[in-house]
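Peer 1: For the record, the sequence lines run as chains A and B. The numbering used here applies: residue 1 is where the first sequence begins, and numbers increase by one. The numbering used here applies: residue 1 is where the second sequence begins, and numbers increase by one.
Please note: incorrect hints may appear among the correct ones.
Note that identical chains are pooled: a pair holds if it fits in a single copy or bridges any two copies.
Stated by the list, open to error - Below, a list of computed lysine-lysine pairs in the DSSO-like style, where the Cα atoms sit at most 30 angstroms apart:
#: 1; residue 1: K45; residue 2: K415
#: 2; residue 1: K3; residue 2: K243
#: 3; residue 1: K167; residue 2: K3
#: 4; residue 1: K85; residue 2: K45
#: 5; residue 1: K167; residue 2: K45
Just so you know, these hints were derived from the structure itself, not from any lab. Only a predicted model underlies this, so the values are computations on that prediction, with no experimental measurement involved.
2 protein chains.
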Amino acid sequence: MSKDRVVATYYVETPFSLQRAAEVIAGEQSTGTFTAVPGETEEVKDRHAARIELVEELDEAGAPALPGAAVPPGHDGRFRRGRIKVSFPLLNFGPSIPNLLSAIAGNLYELQELSGLRLVDLELPDAFAARYPGPKFGVEGTRRLTNVYGRPILGTIVKPSVGLSPKELAGLVTRLAEAGIDFIKDDELNADPPYAPFEEKVEAVIEAVERAADAAGRKIMYAFNITGDYDELRRRHDLVVEKGGTCVMVSIMSVGYAGLAALNTYSEVPIHGHRNQWGMLTRCPLLGMEFTVFQKLCRLAGADHLHVNGLNSKFYESNDSVVRSIQACAAPLFGGYGTMPVVSSAQWAGTAPATYEAINSVDVMHLAGGGMLAHPDGPAAGFTSMKLGWEAAVSGIPLTEYAEQHEVLKRAIEKFGRG
Amino acid sequence: MSKDRVVATYYVETPFSLQRAAEVIAGEQSTGTFTAVPGETEEVKDRHAARIELVEELDEAGAPALPGAAVPPGHDGRFRRGRIKVSFPLLNFGPSIPNLLSAIAGNLYELQELSGLRLVDLELPDAFAARYPGPKFGVEGTRRLTNVYGRPILGTIVKPSVGLSPKELAGLVTRLAEAGIDFIKDDELNADPPYAPFEEKVEAVIEAVERAADAAGRKIMYAFNITGDYDELRRRHDLVVEKGGTCVMVSIMSVGYAGLAALNTYSEVPIHGHRNQWGMLTRCPLLGMEFTVFQKLCRLAGADHLHVNGLNSKFYESNDSVVRSIQACAAPLFGGYGTMPVVSSAQWAGTAPATYEAINSVDVMHLAGGGMLAHPDGPAAGFTSMKLGWEAAVSGIPLTEYAEQHEVLKRAIEKFGRG
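In isolation and in its complexed conformation, chain A is listed as follows (with noise of 0.2 angstroms):
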């Protein structure tokens, strides 16, 4: 990895060459502009122009991916597609992701000369490590808080999302200790509405886990959703570690890296970082960016726990792709920056023999709100069968034949089974 460039990887389509595509990519996001201008020396170009890594032509396709592109005179009705990768030197932005940001990405999505581009790899020279100190507690951090060993972090979220009082959701949230549960989270529609003020939630929900945490002797994780404005994240965080709290949640996109990475500059609990509006950056194939990107800047930025999505989950996202993301959360950035996947949506324990099978690790924190809090026989019930899921996924013993052993387990297959 190169000390003082920045390379992103981008796959583009064009009506022009790629090579083209890879000039007008570098000339805009770094010393060029659409005519010269006088000061564009070649000394300037020499320190600061972006530079084409490589071009390679992968496949082709009949029509525009994106509106807008202006086709050259005598076009061949084709639109290249291929990889792109670009560098930038870190002197042009410096170790800043606010900035990286408007270098890497910037205009380039609006470029003419661009039929469709996305962004789909990022290496970061060390610079940005000694700026950003990313995760405080990742995966070692929020097993010791939790006390969960060789299995994955099993919990829940609020549901429903909206509309339970404090008081509701205290009650929630002891029966849920009661089960033995190792985590819950606010859903992401639920941070400081107004029939459930913030303060009134974290007093109702913490004394519930305190007096759980007497009786069973281990404390439940509770991520409360802190997302807001600047302000209330930093005073959302100090009531929940004042109060003894040990997670914060917040919706990033809302947020955003820097909101992300302001927050961790003084958090002291794990920063559980949910993606909800990340579809909008990715769900078009020839747009936006890919999850790889999205993770390093979430990790980079002090995200603890990241949300990917789960096996066969409710959403569009193919399963190859849920476990390329559990995948890229598990490779380490600058030598660490771990984070722990949140395996989410439409989960419950049938989804973990493949789960397991996809990453062969039980580092991930596995969460089911429906398929937990609805199992037939209560949320105790949905608790243990998500172990059990487990249990048969770690021992290589096929879930239907675990269930003939384990009532609980046959139950939750009953309910949630899809064939």
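Following the hints, put chain B in place on chain A, whose structure we already have.
Peer 2: What follows is chain B alone, placed relative to chain A:
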């Protein structure tokens, strides 16, 4: 406009019926999950459920716009498109931009039931205005600070975008100020790079600005790009104000609406809002959001100026879309919240008439980088040519006719005119 509900309008594509798609959207983003859970009572639904306000079928497609949609059994191969309005109780999240986003966007873009989703409009109750004061300067404040009335504020972007030392930059600013220009902005690629540290840049530029002001009796407005992490925004803003600067610029997508809103809590000069990276959210017609929504959020969060591209720009956006964007910025929000649209990208004197014709107003900033600095007779002539372009436009005189009496305009047409 409802006092207690947020109304979001979506353009949707779905393999199901539009009604079904609307129900999934409303359920996912309020009280529902993929299976019924205890606590989701009728009372909770009554108070908190999102409501479908409109389902309007518009057209259909023979193939999905986005990948990953689940096709129902016996699907007829048609993907229905239409407009859907869903209203959300303000009670669910309160007047908070970050939490609003989790509700109106959230996980929606990832739903299997949709093969396309675009947020096209947003109506917010007054509670948002009470919470977010919006732009402090807008058009009037910016005119007051620049002392420019009756015509657009004409400015330029520092080019080359990267590479100028503070001393070189100050030299350029002096030449431009002597030419009588109103406004200069940093390029979005340039905030606090190692080769031109922010402090040194501010020092050098403001000295040049003040000296030129002493000579001319009128002070140029320089928008310093303060984009950075949270603490940097504050430090850089304060430095600009302390030294006597009159404008700061941020890349809104780099700092988030939350970052912009935070800056607006303490800013003492106009905030110049740059929208680089925005293409990522909008270029796919069936994903992301319309500028209509983006500009409302940016104005709410405090953008005094907001970039809108320009007519005949180097970007993919159609002229119609640019005109709609300018008009959107000019439309009152909560009875005010005025922002000054910033027309930019491949602009020169010749884009003035069409811009004026389209908006019938001079309340814009019109920026030309190369189109001003690369005028054959230098930046001063470039600036004069822009003023002449607007004079011609407002007087209803064809540009070429006006150029017969004005050599600098003629020279601009020769260099930048396209057919």
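Peer 1: Each of the hints needs a verdict: does it hold here or not?
Peer 2: These are the hints, each one checked on the structure:
{"no.": "1", "hint": "K45 with K415", "verdict": "between (64 angstroms within a copy, 24 angstroms between copies)"}
{"no.": "2", "hint": "K3 with K243", "verdict": "neither (43 angstroms within a copy, 35 angstroms between copies)"}
{"no.": "3", "hint": "K167 with K3", "verdict": "between (54 angstroms within a copy, 28 angstroms between copies)"}
{"no.": "4", "hint": "K85 with K45", "verdict": "within (18 angstroms within a copy, 51 angstroms between copies)"}
{"no.": "5", "hint": "K167 with K45", "verdict": "between (64 angstroms within a copy, 18 angstroms between copies)"}
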